[in-house]
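Undergrad: Given the coordinates of chain B, assemble chain P onto it according to the supplied hints.
One line per chain: the protein sequences are B and P, in this order. Just so you know, the first sequence maps onto residues 0 to 80 in numbering that gives the first Met the number 0. Just so you know, the second sequence maps onto residues 0 to 166 in numbering that gives the first Met the number 0.
Don't read these hints as lab results, they were simulated from the structure. Don't be surprised by glycine CBs; every beta carbon is placed ideally from N, CA and C. Wrong hints could be hidden among the right ones.
[Unchecked claim] Listed next, the stretches of chain B that the computed footprint assigns to chain P, with coverage defined by at least 3 CB atoms under 8 Å from CB atoms of chain P:
| # | stretch |
| --- | --- |
| 1 | 8-16 |
| 2 | 19-33 |
| 3 | 39-47 |
| 4 | 66-72 |
[As the list claims (entries may be wrong)] Selected chain P positions facing chain B (in silico; Cβ < 10 Å):
| # | residue |
| --- | --- |
| 5 | G1 |
| 6 | V31 |
| 7 | G149 |
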Amino acid sequence: MTDTPVKIVVDLSKPKGERESIIPLTDDEIAERDAQAVIAESERVEREAIATQKATDAQAGRDALVALGLTEAQITALLGA
Amino acid sequence: MGYQLIEHIEVGSGGAASMEFTGIPQDGVHLVLKLSLRNTDNNPDSAQVSLNSDTGDNYPQIQLLGDGSSASLQGLTMGFIRLAIPVSTYTANTFGSAELYISNYTSTSNKSMSGDSVGENNATLGRLKIDAFSYTTSSAITSIQVALFGDNYAQYSTASLYKITAD
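One chain only, chain B, in its complex shape:
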């Protein structure tokens, strides 16, 4: 059986030493959490795909500049490292 996730809540209106509670998440909170996790994962995958494509395009661009006769030092001066 999977343990129920919990949240740590600190009520600052209470005296020190009496503030912290560890509260199990409700079913609604768990469902919302899981739904947001799916969205976050899809956004992460999309972000990494964009970064990978950008790196591929950048390398292709550098290769094209080399083919045109620029030196690596000239390319770096133009584009950065």
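TA: Okay, now just chain P, sitting in the frame of chain B:
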């Protein structure tokens, strides 16, 4: 001007899906939230911070995000503030640091905020994030939620809330 620790939370051995401060005292000028976080799973790679339990699209933001190979800039509006954190596949026993600065948290105007965070990793796939946020509200900030969607903050993750006072 004073810089005072209000309270500190540390996650125990069972992990935690969220850390929350409620009943925030209203006798300060600004708030500073300092975090040291790690996810026990590989997803997500960011903490989700909300204010006053508000998860509506009330957080317009500009984020500058960099990893080991590129940087990007993006403006968007979301239902929470995202701060980068390391995930379970990142360098072991390593937590990411994050800070959220909330100015004039008791005012009746929209709240202006800034954040910086890092998904610490001794490899190319580490992330650094610098953000400018706004919270669209006329209410004072009375609570802060630091949630992780999908899994748990690892043991020894911490959240510390400070207030900056005028005297």
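Undergrad: Against each hint, give a clear statement of whether it holds in the structure.
TA: Now the hints, each set against the structure:
1. 8-16: Satisfied; 6 residues make the cut.
2. 19-33: holds (count 5)
3. 39-47: holds (count 3)
4. 66-72: violated (count 0)
5. G1: At 17 Å from the nearest chain B Cβ, G1 (chain P) fails the 10 Å test, so the hint is violated.
6. V31: Given a least distance of 15 Å, the restraint on V31 (chain P) is violated.
7. G149: holds, 3 Å
Checked against the numbered hints listed earlier, the structure breaks hints 4, 5 and 6; every other hint is satisfied.
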